[in-house]
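For this one, chain A is given, so just place chain B on it according to the hints.
Residue-level listing of the chains:
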Amino acid sequence: MSQIPAELQYTAEHEWVAAGEPATVGITAHAADALGDVVYLELPEVGATVTAGAVCGEIESTKSVSELFAPVDGTVVEVNTAAVDDPSVVNADPYGAGWLLKVAVSGEPGGLLSAAQYTELVGD
Amino acid sequence: MSDDAVAAEARPSPLHDEHVALGATLVPFAGWSMPLRYGSDLAEHTAVRSTAGLFDLSHMAEIWLLGPEAGAFLDHALVGSFRGMAVGRARYTMICVESGAVLDDLIVYRTADEAYLVVANAANHDPVLAALRERVGDRDVTVEDRTDTTALIAVQGPRALEILEATPGLAVEGLADLRYYAALEGTFDVDGQARPVLVARTGYTGEDGFELFVDADTVGVPLWRALLAAGEPFGLVPAGLAARDSLRLEAGMPLYGHELDLTVTPYAAGLGRVVKLDKTDADGAPLDFVGRAALYARAHSEPARVLVGLVGESRRAARQGYDVTTRGGTHVGHVTSGAPSPTLGVPIAMAYVTPEASAEGTELAVDVRGRLEPVHVVPLPFYRRP
Numbered sequence: 000m001s002q003i004p005a006e007l008q009y010t011a012e013h014e015w016v017a018a019g020e021p022a023t024v025g026i027t028a029h030a031a032d033a034l035g036d037v038v039y040l041e042l043p044e045v046g047a048t049v050t051a052g053a054v055c056g057e058i059e060s061t062k063s064v065s066e067l068f069a070p071v072d073g074t075v076v077e078v079n080t081a082a083v084d085d086p087s088v089v090n091a092d093p094y095g096a097g098w099l100l101k102v103a104v105s106g107e108p109g110g111l112l113s114a115a116q117y118t119e120l121v122g123d
Numbered sequence: 000m001s002d003d004a005v006a007a008e009a010r011p012s013p014l015h016d017e018h019v020a021l022g023a024t025l026v027p028f029a030g031w032s033m034p035l036r037y038g039s040d041l042a043e044h045t046a047v048r049s050t051a052g053l054f055d056l057s058h059m060a061e062i063w064l065l066g067p068e069a070g071a072f073l074d075h076a077l078v079g080s081f082r083g084m085a086v087g088r089a090r091y092t093m094i095c096v097e098s099g100a101v102l103d104d105l106i107v108y109r110t111a112d113e114a115y116l117v118v119a120n121a122a123n124h125d126p127v128l129a130a131l132r133e134r135v136g137d138r139d140v141t142v143e144d145r146t147d148t149t150a151l152i153a154v155q156g157p158r159a160l161e162i163l164e165a166t167p168g169l170a171v172e173g174l175a176d177l178r179y180y181a182a183l184e185g186t187f188d189v190d191g192q193a194r195p196v197l198v199a200r201t202g203y204t205g206e207d208g209f210e211l212f213v214d215a216d217t218v219g220v221p222l223w224r225a226l227l228a229a230g231e232p233f234g235l236v237p238a239g240l241a242a243r244d245s246l247r248l249e250a251g252m253p254l255y256g257h258e259l260d261l262t263v264t265p266y267a268a269g270l271g272r273v274v275k276l277d278k279t280d281a282d283g284a285p286l287d288f289v290g291r292a293a294l295y296a297r298a299h300s301e302p303a304r305v306l307v308g309l310v311g312e313s314r315r316a317a318r319q320g321y322d323v324t325t326r327g328g329t330h331v332g333h334v335t336s337g338a339p340s341p342t343l344g345v346p347i348a349m350a351y352v353t354p355e356a357s358a359e360g361t362e363l364a365v366d367v368r369g370r371l372e373p374v375h376v377v378p379l380p381f382y383r384r385p
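Protein chains in written order, with numbering that gives the first Met the number 0: chain A, 0 to 123; chain B, 0 to 385.
Careful, some of the hints might be misleading.
[Said to hold, decoys possible] With beta-carbon atoms standing in for the labels, derived distance ranges: (1) B:Arg-384 x A:Ala-114: 44 to 50 Å; (2) A:Leu-120 x B:Asp-190: 29 to 35 Å; (3) A:Ala-11 x B:Arg-368: 18 to 24 Å.
[Said to hold, decoys possible] To give an idea of the interface, some chain A residues facing chain B are shown, with a C-beta separation under 8 Å as derived from the structure: (4) Gly-35; (5) Asp-36; (6) Val-38; (7) Tyr-39; (8) Thr-61; (9) Lys-62; (10) Val-64.
[Claimed, not checked] Only some residues are given here: those of chain B computed to face chain A with a beta carbon under 8 Å: (11) Arg-36; (12) Arg-314; (13) Ala-338; (14) Pro-339; (15) Pro-341.
It should be emphasised that the hints constitute simulated quantities derived from the structure, not laboratory data. The beta-carbon is built from N, C-alpha and C at its ideal position, and this holds for glycine as well.
For reference, chain B alone in the conformation it holds in the complex:
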């Protein structure tokens, strides 16, 4: 089957017609047809670093947990701690299986006392939803999948705040003071009707920025158009999945299917901080959560491999799956993501390597299609915003 046939069968985003009108190259992605780029992926990448980019993330999964026991349920189902999280805050976390391996990485928002929003990767929509439904048991919690009715639009880049403030009809009180990893309810005016918008100061680019959750049918298209128009004077451009991937790689952010999968624990990925082994229940008793026993053991032993950043010393970039070796050619690991960094101008990669090969400055090599290219270990992220 050709790519075009797959794309034709894939689910269109609620903003599909906007992408077509903007001349986007659409590709199948996790069962959806999504924009890969609109014109130049390098220009889109650079715009996010210097001004702003507009992303359609409507393929992401939005799963709501509603009810008096929603927080306690998430404490059981996920590795983080949510019962005590303040309303309006967001948290990066993971859902693991009993072996401690990562089923997905997530952002959880608490929007009300009894309402949490779990945002999962599109490719993991089904397994995450199934796991949450299975783990809920007889708790007083409703698991509601609103992926199909939600449009998710991100404005990312140093001009993001100014763009949201300049967007007609968008009213979010306290937006300028919104903290990173926090969210606010606002409204967007559609034909004289104030429609709800959940605005979060989160992102996947390494820049300041916002993610806006809105109703797909009534708000998605008018909000997209309003942001695009209001952002144009600030240098905002629509940006696709290609730029999103190169931006997140520079920012050292993991991507499920690359740095994270069912063969790694959060500790191997260098994200052990998200695992709250000492969680307690409402009575202060130790709280067991899915994967805890295995994760407890992993927390107290050295992982067989660790995630590192690699910078290339030649021009040819490492790519996912390539072998990492010593300079002498002895195998020490494998590359999970790699690309020529548009911002830094050198090849960068993330890789799992043995602990002995993981120290900053270690000189290694990557087998790039049959030729060893010199690289060295650097701390993540590769890029930090000024």
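Same shape as in the complex, but just chain A:
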């Protein structure tokens, strides 16, 4: 059973968002477990504009690769360089040290799932 913190919001593509200024973005424990050990992260650069629902990066494990979808519109203000250097933190602590991006959100985020909705989606 993967952990799904109640205070976060989620996408159907298994990203999580912590509301704030800026908002913090990562991938869920469910996604990290499905990928296996993450060995490579390709993240957007600071200053890049991201669009909700559009691909903004890649998360690669030995077994597979998955795209990172931006959960919100906005501008990237920080990327987790520690996670880029040691992607194993994405598996070890997906909601903490394994965060990926901080995004200055433009406009009103929409279409995100609550923890209850995401729990239903992944069937945990």
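Coordinates of chain B only, in the frame set by chain A:
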């Protein structure tokens, strides 16, 4: 249908409850529910390279050929030569169709004068069994499918021999001297009863190691537990299909459905050595075998594409099905398997490319999700044990 529903319908391994107790992630694989990983697939991979890993391979197909004509039958049905193979030896081989294409790759063990064991891929259990039954004709050979009653457990890694020697109740005389691609009969003690074990020095990881064939009902679980316990001080960990795949890729070993299928011949795969075109029968006359005519023609012509190893020069790994191109973007082939190599720390891949693009050192590219990533051709395997 969700993956979970498929997994629920898949056949459980005889060691299923052990995997569940060990916290394995189980996935549907060729109709079976098998462990993908127990914890970290990277740690499992590394353990096999540095100490040892324990694998459940009970999904593999075990088909026995029994009778006085079993060897002669295999000479007809497969591309290799088996009548003269010594008892106790094993051989990597293939079963082809008349067109010369590969129906499956196999390991054949001769365990007695009139007993051969054919181990086939789980996904090819049905077609291989059907082909063997069809090809046997009126020969004095019994084709016996023992897949359901056999547990296959592998111990792979540099500490494998020490682990088997340290396993209580496992008695295999001459184990230390067992050659690569050879097998021995031994016993494993279950509740005071010595049960038969066929121990082979074979594997699919590029490391030293053993594969143990035992009765699924009576021996599988107790042997698994004994090996796991005895191996723990040596650093043995249970390892799943994810590690098995990354290990075999580093070792340059083909996987059916990736490097091998019904569109390639053994020659294209660089495995023409397994085809014995000059086989003879007991009277010394040339022996026709299934696929021979087509394979003879292929042996004497250049294949349209050849299997090569590719090493990536960037971080993004090629994956099965991706296009291989020149650096300028001209299509020259496709990737069959690819991953970031845990041992080498760079992306590696196997690919079929045109002969002109296959020379060692050739600079190529792979279209990785819309972006060309630079790679170059290297000899296989990527990894050879020290």
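Hints, verified against the model:
At about 47 Å, the beta-carbon gap between Arg-384 of chain B and Ala-114 of chain A stays in the expected band of 44 to 50 Å. Taking 29 to 35 Å as the suggested C-beta distance range, the pair Leu-120 of chain A and Asp-190 of chain B does not conform, at roughly 48 Å. The hinted range of 18 to 24 Å is satisfied by Ala-11 of chain A and Arg-368 of chain B, whose Cβ atoms lie roughly 20 Å apart. The interface hint given for Gly-35 of chain A is met, as the beta carbon of that residue sits about 5 Å from the closest beta carbon of chain B, less than 8 Å.
Residue-level restraint check for Asp-36 of chain A holds (minimum Cβ-Cβ distance to chain B is 4 Å; threshold 8 Å). A hinted interface residue such as Val-38 of chain A counts as satisfied when its beta carbon comes closer than 8 Å to some beta carbon of chain B; here the least separation is about 5 Å, so the hint holds. Taking 8 Å as the C-beta contact cut-off toward chain B, the hint placing Tyr-39 of chain A at the interface holds, the least distance being around 5 Å. The closest approach between the C-beta of Thr-61 of chain A and any C-beta of chain B is roughly 5 Å, which is under the 8 Å cut-off, so the hint is satisfied.
Among the interface hints, the one on Lys-62 of chain A holds; its C-beta lies about 5 Å from the nearest C-beta in chain B, closer than the 8 Å criterion. Interface restraint check for Val-64 of chain A: the shortest CB-CB distance to chain B comes to about 7 Å, inside 8 Å, so the restraint holds. Here the hint on Arg-36 of chain B is kept, as its CB sits about 6 Å from the closest CB of chain A, short of 8 Å. Among the interface hints, the one on Arg-314 of chain B holds; its C-beta lies about 5 Å from the nearest C-beta in chain A, closer than the 8 Å criterion.
With 8 Å as the threshold, the beta carbon of Ala-338 of chain B comes within range of chain A, its nearest partner Cβ sitting at about 5 Å, so the hint holds. Interface hint at Pro-339 of chain B: satisfied, since its Cβ lies 5 Å from the closest Cβ of chain A, which is below the 8 Å cut-off. For the restraint placing Pro-341 of chain B at the interface with chain A, the shortest Cβ-Cβ distance is roughly 6 Å, inside the 8 Å limit, so the hint holds.
Violation of the numbered hints given earlier is confined to hint 2; every other hint is satisfied by the structure.
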